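Engineer: Each chain is listed here by its residues.
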Amino acid sequence: MTDSTASAPKPSSSVKLVLLGEAAVGKSSLVLRFVNNDFQPNKEPTIGAAFLTQKCQLPSRTIKFEIWDTAGQERFASLAPMYYRNAQSALVVYDMTKPSSLVKAKHWVAELQRQASPGIVIALVGNKLDLCDDDDPEDEAQDGENAEGHEEEAVRKVSTAEAKAYAEEESLLFYETSAKTGHNVSEVFTAIANAIPETSLKGPRTGAGGGTQAAISGGQDTSRVNLNARGADGAAKEGCAC
Amino acid sequence: MFLSNLVQKAQQYIDPAVLPASLVTATTTKPSKSVLFQQQFHLPSNQNPLYEITAELTLPTRKASSSKSPSSKQQQRWGPNDWDKGADGKGTHYVGQLHLSEQYLCFSTVNSSFVSTASTSASSAFTGRTHGTGTAGNGFTLPLCAVRRVERLHTQSYMFALSITTWNGFDPGTDTKPGAPAPPKLTIQLEGSRQQCERFCDGLKRGLRQGIREVENMRAVAAECYSEYFMYSDFDGPSPTTKADGVTPRHLPDTGLGSIFKYPGNSRKLRDRSKMRLWHEYMRENGRNTTLVRQPDFHRLIRVGLPNLLRGEMWELTSGSLYLRLQKPKLYGETLKKHEGEESLAIDEIEKDLNRSLPEYAGFQSEDGIGRLRRVLTAYSWTNVDVGYCQAMNIVVAALLIYLSETQAFYVLSILCDRLLPGYYSTTMYGTLLDQKVFESLVEKTMPVLWEHLSGNDVQLSVVSLPWFLSLYINSMPLIFAFRVLDVFFLEGPKVLFQVGLAILRVNGEELLDATDDGAFISVLKSYFARLGESAHPKSENPKHRAITNFQALMVVAFKEFDGITQHTISEQRSKHKAAVLENIESFAKRTSIRNLGPESKKLSTNDLGFLYDRFYTILYERQQRAQVLQADEDRKRKASRQRATEIVTGVHGNGAPEMGRVGLGPSTTEMDYDAFREFLAGVAKWAVTDSPSSPTSANDPSAHKSANGYFHTLRAKPSQPSSPWGIGPEPAEHEFLRRLFKRWDKEVKSSLTLQDVVAGLAPIKGGRDIMGNISYFFELYDNDNDGKVDREGILRMSEALLFLSRRGVEGGGLLSPSPSSASISEHEEGKRRETKDEQFLSAVSSFIRRCFEYADPDHASRKAEMEANGVAQQVDLLGLSNGDESAGSDQLAASSSSTGDVKDDSVLSRPSTNAFGQVQTKARHVAANAALDPSSPVHITLPTFRMLVLADEPLESFFDSGFANSFHLADAPLPSSTITSPTFLGGSSSTASLPNIPDIPAMSPGGSSGVVGGAGAGVVPPGKGLRGMLDNIVTDGMRVAAEVRRRMDEAQKELDKGASTRGTEDDDDDDGDEGGRDLLEGAEADAGEGRRGTGVSREPSLLDQPLVEEPKQGSSKEEVEKSTMFER
Ligand SMILES: Nc1nc2c(ncn2[C@@H]2O[C@H](COP(=O)(O)OP(=O)(O)O)[C@@H](O)[C@H]2O)c(=O)[nH]1
Ligand SMILES: [Mg+2]
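Heads up: the protein sequence lines correspond to chains A and B, in order. Under our numbering, think of the first position of the first sequence as 1, with each following residue one higher. Under our numbering, think of the first position of the second sequence as 10001, with each following residue one higher.
Bear in mind the hints are in silico, worked out from the structure with no lab data behind them. Owing to the predicted nature of the structure, the values given are computational and were not obtained by experimental measurement. Heads up, the beta-carbon is just placed ideally off N, CA and C, and yes, glycines get one too. Incorrect hints may have been included.
[To be verified] Some chain A residues well away from chain B (every beta-carbon gap over 12 Å; in silico):
id, residue
1, P11
2, D38
3, P41
4, Q57
5, S60
6, I67
7, Q73
8, L79
9, P81
10, K106
11, H107
12, V109
13, K157
14, S159
15, F174
16, I196
[As the list claims (entries may be wrong)] Quick list of in silico lysine-lysine cross-link-like pairs, DSBU-like style, CA-CA up to 35 Å:
id, chain 1, residue 1, chain 2, residue 2
17, A, K106, B, K10330
18, B, K10328, A, K106
19, B, K10437, A, K106
20, A, K106, A, K157
21, B, K10445, B, K10637
22, A, K157, B, K10330
23, B, K10602, A, K98
24, B, K10437, A, K164
25, B, K10743, A, K98
26, B, K10352, B, K10337
27, B, K10750, A, K106
28, B, K10275, A, K98
29, B, K10747, B, K10330
30, A, K98, B, K10637
31, A, K157, B, K10337
32, B, K10269, A, K164
33, B, K10445, A, K106
34, B, K10750, A, K157
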């Protein structure tokens, strides 16, 4: 089972990724953008956490992300350990227009560094870049209706420098994204994929006693879909745009 | 974590025999009989089992003539005469237990006993296998208000038999207007001694009389049940609404959104009409809604799935929410009205989820549906603010609303959250996590191979199963199947969720064994859920087998194969895992909380923050426990007159508020009021402990109660003084300084502190180690109007606070800063050093006052009139007061300043302060000439002045440099007494007692102590007590200090008398132990005398008070107790 090279041209492995962050920072939107290249109000009631998968093609290998998108409400935070357990990577998201969300993000970073698998790859992501006036104008506004995107009050409240300095201090990957425009979204996941050490991909996932990680070749695995029974489109589409 | 340790330890140490019974039950985990009774019959928490008796229920079978023949339908009307008499031996017989509570008469074939003599395990027998009947078994749960008549049957036998006629509150109809069939008479034969029977009947009569008042209520409640409408017509006849007979159609009850937007599923395929016919028949024979009798067919009809129009009503009935609605029929409407227009966090959160609650159902694409959902969730969030709103409730309520009116849904939601899914939706969701643990352990037990496979592949089962439980399968299975699970769930209880969950895994076992990661695991189950409606045996030759759906097969596995999973199993597993789950949550909550305490918190170490967190929540938790115990005692007393106490005492636990305040359970409060704040400080700073505890000794000290019955009697005599108890920790002092500190920490002026407030308040003191910062911090405490000035009054209060803070000694200079606990009794060197330091401090404060006035700036004379009080006299008093009494209080200060006459002498003030070596530290200055002392000219000092004065004086400087900060004992140097909050001390060596070398206090009145004003905080100062408080752990040194204090005071007095002026040094002969002792005694007496005379403020003894001093010696507790009681009156 461990030998995957026989069936696939490129080695392929799954990577468990968990999204953490304050409610409404855009976790689910980021995942939706990454998995379906779409942005829409979240119609899916998330109980506990939503599960989605997406592949990411790297030059040398394929990474299949198994994504746990944790629920938004504050009290569900007690459940988070259940989801970040054994995660090899994490996306800690804050909302650039809301400083308190960065505080929360720092908390999650500390929590992961202390409680999650050692060696977990953490990316700090400031989302809703499209709401910040000062960002580069070349942001491709993919949605035609950009009207409500630039409200006057919603301006950047967390500076790039501040977040970046913190990320460097804690050795985190750092990106500023917009789930709405798609800016930098796939870059985050690619960067995580690249940062996952080869070694942690080969064998079974961290801490597993006996079993082995079935390597799945690219493209055929379309059955991995959202946890919720109804109303979900198949989540696993073509490989991401990386 | 430590909170749970604490509870465990407390349990070890508490001797149940000596504590108020309610306290014991509050800490036990076994539910009381009342709770078991309520659970069995799904009754509201105000019902208690009053009487019970073995009985045989006989139900009539219908006469052959009126058997179901569709041809006779038009004329059918059911009246009492259509029934065979049950008593003649025909009919169906059930033997079981008949129970009477305040408002209900219940009968169940599941034999369990709730009488006081029965063991709790006998009472909980019903949690075993119920064979599909649910916990209440066959029988009935009859509100007494639904009983129309009870007759004593005089049958041929000598037996005691009752015939009960029930009544739904509706007329059975007239000749022109058909009514609903009358429910059958119930014949009950009581089996017991004549006396028992009579007693039961007397109780019944009383209850029935009371019940009359409820009849109107019941009519209104029943009118909302579909069965009331349904039963008025013959099933196959035209529907009553469509009848064109001129009679106003009966009110059609609201049967949920389904009646408007269609019920899910194909009703033909669900065979809805056949089911309705069967129910019609069943209810004709067995009554409806409140009067329904449960026979085996009832349970069978539920198992096959409820029909759309009756589903809601049956959910209400089987969950018991109907009885809750009967109890408080207006609660829903009134709650909404009361909070109309208000806002809350819960409401914001609800609003976000309204559009994603079963969005695929048409009803929730409409304003009507969304509005109902909003109102039900909002109303519940107001009735239970601790839970508020939790995601997943939206889905559950949305599902309920398809079959229930919004009012009904509200009560079902209450039953769900409060009884069926305890803790699921709480702020920590501990119930959810706990049941996931329970589920995992059941999987491990029943499917070890699968379990091995899962853990081998590192798949965590609960990430998959959690949504099943949290949203009752509604979001996992197609709706029609989820509703069928709900049908059984409401009847049989939470164990159903586990049985179904286990069955799902069992049925998919093979495929799951191939899944090696979360993704594969999830997709196996998802595709299974999608196929629930398909044939389980599609390839079978037998068409009957082919007709069996996956869902039916699942139900068979759930209830046959996992029949052994009973409510008892679940309870057992829950209590097994509870501690671990709570610990996990609490350590997570603690980490989270500590990381989110704001920037100020960075000044404190993680250890200190952890320490503060623990103390903060321990105090809140303990205070709530105590309040609850007191409340329970009150309740018990109130009820005791009506019922035998033994039946009631156990009623505390589980009556809606089992354990409160524990972080893991979702703390019911996260803020500390002033009293809690005092209690908190008393655990971290010695000065915050009172010198005059209101309760003489610890209630939990076994030696105390064994050796001193007298004491224990006082405890018993006042078991429930609501304001008294300070728990097992030291009793806090009351002092103006504490109030100022509280006010300063209470930044948002809400009269309560969050943990963040406490941390932010302490951080500048503890964290900065910055003398300038501490000086201005202190100054600002007294700068009432923030104008950078502290007036005469403030100066005096400052000085007084300094004395208050130092009355147990000033702690660790910056240089050594030894852990105070390690500066132990044995170290004489340390003791000596401390002693002299304390003295220095006393003199420093006195010279501080003097110099304050020397350097004070005059105000622009404007408030002369207000400053009539004699400033100098104040100062004199102040010294006398503060030095003489360790707990000098502001009230007394104020009182003394107005009462002291015209003594005008500044000699005390001009006494130079000395340091330990007898050197004169500062020049004596005459202050007589200082204009600042003229009371008629208001003065103030500014921060720079204050700073200068502090820095110019070594003891004060050192106090602000380190002493003040060190007086707060956090993690690195905890107060030995702070551990008092831990019940380890309950057994304790700590017994207060133990100061054998304090000589007896002679009861003689000292002469020259008129300048002494009685103890603050509490007028009564038991001398031994006050001293012990003051001495902390260095008894002898402390005595010397006190002696010194006293001597100075006397001297000051003498000098006042003499009118003498300055004198030289005289304070350095203090190592004369004997003399010190004598003076000490005088002083102490003086205190006591004054105290008695002075204020009359005395607090009730606390239940569990534990004095601060922790001396390892034992044995003198008796003496202690006697002494204490002396001052008790
Ligand atoms: N303008 C803007 N809005 C966003 C962006 N990402 C998310 N949102 C909006 O923020 C809200 C919360 O998003 P959601 O993905 O549900 O956040 P989650 O609670 O972290 O999962 C939604 O209204 C989204 O439409 C973004 O990049 N730009
Ligand atoms: Mg989300």
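Engineer: Hint by hint, which ones does this structure get wrong, listed from lowest number up?
Structural biologist: 3, 6, 7, 8, 9, 10, 11, 12, 17, 18, 21, 22, 24, 28, 29, 30, 31, 32 and 33
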